[in-house]
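Given next are the chains, with one letter for each unit.
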Amino acid sequence: MRSVFLLTVRQLSGRWRLAIMAILAALPVIGTLNLLMDNDAVSVGEFESIVLSGMLSGSIIPLVVLAIAAAAFGNEVEDRTLANLTTSPLPRWRIALPKLLATLAIALPFIAVSAFVTAHAAFLSDTRATLAVTLGAAAAVAMYAALFVWLGLVSAQAIGIGLLYIVLWEGLFSNYVEGVRLLSIRAYAIALMHGMDERRFASVDHLNVWVAAGMALLVIGGSLFLSVRRLRAMDVP
Amino acid sequence: MSAPSNAVIRVDGVSRWFGSVVAVSDVTFDVMPGITGLLGPNGAGKTTLLRMMTGLASTSTGTVTMFGEPVRDNPPLYRRIGVMSEHETVYGFMKGREFVTMMARLRGVASLEDAVDRAIGLVDLADAQHRSMETYSRGMRQRMRLAATLVHEPELLILDEPLNGADPRQRVHFKRLLLTLAEKGMTIVISSHILEEVEQLADTVLLIVNGKLAASGGFRAIRAALNQRPYHVRVVCDSPRKLAASIVALESVDAVRIDPDGALVVLSRNVVDLQVELPRLAQAGSISLRKVEPLDDSLESVFGYLVDN
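As given, the protein sequences belong to chains W and X, one line each in that order. So the first sequence is numbered by this note's numbering: it starts at 1173 and just counts up by one. So the second sequence is numbered by this note's numbering: it starts at 29 and just counts up by one.
What the hints contain is simulated information worked out from the structure, not anything from laboratory work. Some hints here could point you the wrong way.
[Stated by the list, open to error] To give an idea of the chain W side of the interface with chain X (calculated C-beta under 7 Å), a few residues:
hint, residue
1, R1182
2, S1231
3, N1247
4, D1251
5, R1252
6, T1253
7, A1255
8, S1260
9, P1261
10, R1404
11, D1407
12, V1408
In this text the structure is predicted, and so the values were computed from the model without any measurement. All C-beta atoms, glycine included, are put in the ideal place defined by N, C-alpha and C.
The whole structure should be built from the sequences, with the hints applied where relevant.
As C-alpha cells, then:
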C-alpha cells in the first residue's frame, strides 16, 4: 500500500496543481477578512450561509478535491500507466485505498488550514466553533475525495462531470429542493458542524447529526467499494 | 480442444468485439514453454489478444487460463507473470532505479536491493539507473521497463512489441537476453509486426490476421509457405521488351507484362530462382538493370497470402 500511496502523492504534487489549490483555499479566508473589515457587518447566520455553506462547503472544498481526486486514477488511465498497478498481485482494495488516502494527504491540509483560519477569525477565536467547522470541512473533504476518486476511474470526463455536479447538485438543487438535502455532501458537512457546535447553523433546517454521520460513512465506504469493483472489472488501457 | 498437460497458457475460443467491430474472432491456441511469437500486421488484433491473455481486458466470449487458472480478476497470478505493454509511457518524475524498486515492492519481492540490481544489470542500464526516466531515449525506457517486468523473476513473460524504439545494438542485446531467459526455462510470448524479428527469436509462431489465427506452428513451416507464394517483381531496365522475351521462357516465371512507364512486372512462383536468373539474362543480352523491387513484399501481403491459402 505504501508504494501506491507514495506514487500517487508524487503524481498529484505538481507545482501548478498545488498553486491553484492554495489560491482556492485562500478565498474563504479572504472573504471572511473582507466581511470583518466591512462596516456593515453581516450577521452570524448570513456569514454561515455565505462563507461556510456556500463558499467553503459548496464550492471551494469540492473544487479543490475534484482537482486532485479525479487525477488520482484519471492520470494513470490517460497516460496508460495504470497497468503497472493492475498487473501486480495486490488485491484491488490495496490499490484503491492508498489512492484515496493520497488524495486526502494532499487536499486535507489546504482545506483544514483554510477552514481553521476562516472559523478562527470569524468566531473570534472560539475554540469549539473553530474545531466544529474544521472537522466538518475535513469530513466533507473525505466524502468528496472518495466520490471523485471513483469518478476519475469510471470516466475520462471526470472533471466536467464533477463540475456539473458541484454547480447543479451541491450549488443549486441542494439549496432549493427540499429532498435533495438528504443526498448532499454539503448538507452532511453542515449537519456535522452543527452537531459539534449547536450554535452553528442554528437557524437552518438541517439533517440529524447521526444521519449525516451515517451518510458520510456510506458515501466514503460506498465510493471506495465502487472503485474496487471498477478496478476488478474494467478494461485497463 | 484438450489442452496438453504442459500448456502454460490456454486461449480457448476467445473473441472480442467493440461495438460492431470484431477485434479478435474465435481464437484458440496453447502456449508451450519456450519463446512464442505473436506475429501480425498493425491492427491485426495482437494487442487486444495480449491484453486478454494478461487479464487486462475481458473477453466477449471464450476463456483464457494461465497455469490452469483463469487470468481475469486473479491478482495472485501476477506473482508468476511479467507483463510489458506496448505503451512506452513511464513516470517521468522517477529515476530508473526508483521505478524498478517500486515495481519490485508492488510484486512483493523479498530481497529488494539484490533483485533490483540484478534486473537492471540484465538490461545493461546500471550506468543510467540514477537518472530521471524523462531523460531516457525510447530504447532505454523500454529496457528499464523490461527490468521492472523481470524484477520478480516471473515464470512467464508477455511482451507487446518490446523492440519498438530500440536501436540496432539494443535490439541485439534484447534478443540475446530473451534467448538466455528462455534457455533458463522462462516461457516468453512476444508480439511483433516484423517477420525477421520473430524469426530470430521464436520457436513457435502464431500468425494473427484480421483478428483471426491465420497459421501457427514452427517457423520453418510458415517460412516454406511464404517461399511458395507468387511474387510480383518490378524490373526497370533499358530494353524491357528484350528482357521480357528472355524472362518469359524461365520455368519459374508465370507471367510478364510491360507497364506504360516501360517497367517490367514479373510474376514468379520461385523468387529464389528469379534472383539468380535475372542478372544472368541481363548480362547475356547486354541489358542494363536499373531497378529490381518486389511489389508485394509487405507483411500484409504475406499474411493475405497465408490467409487465402
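Need the list of violated hint numbers for this structure, in ascending order. 2 and 3
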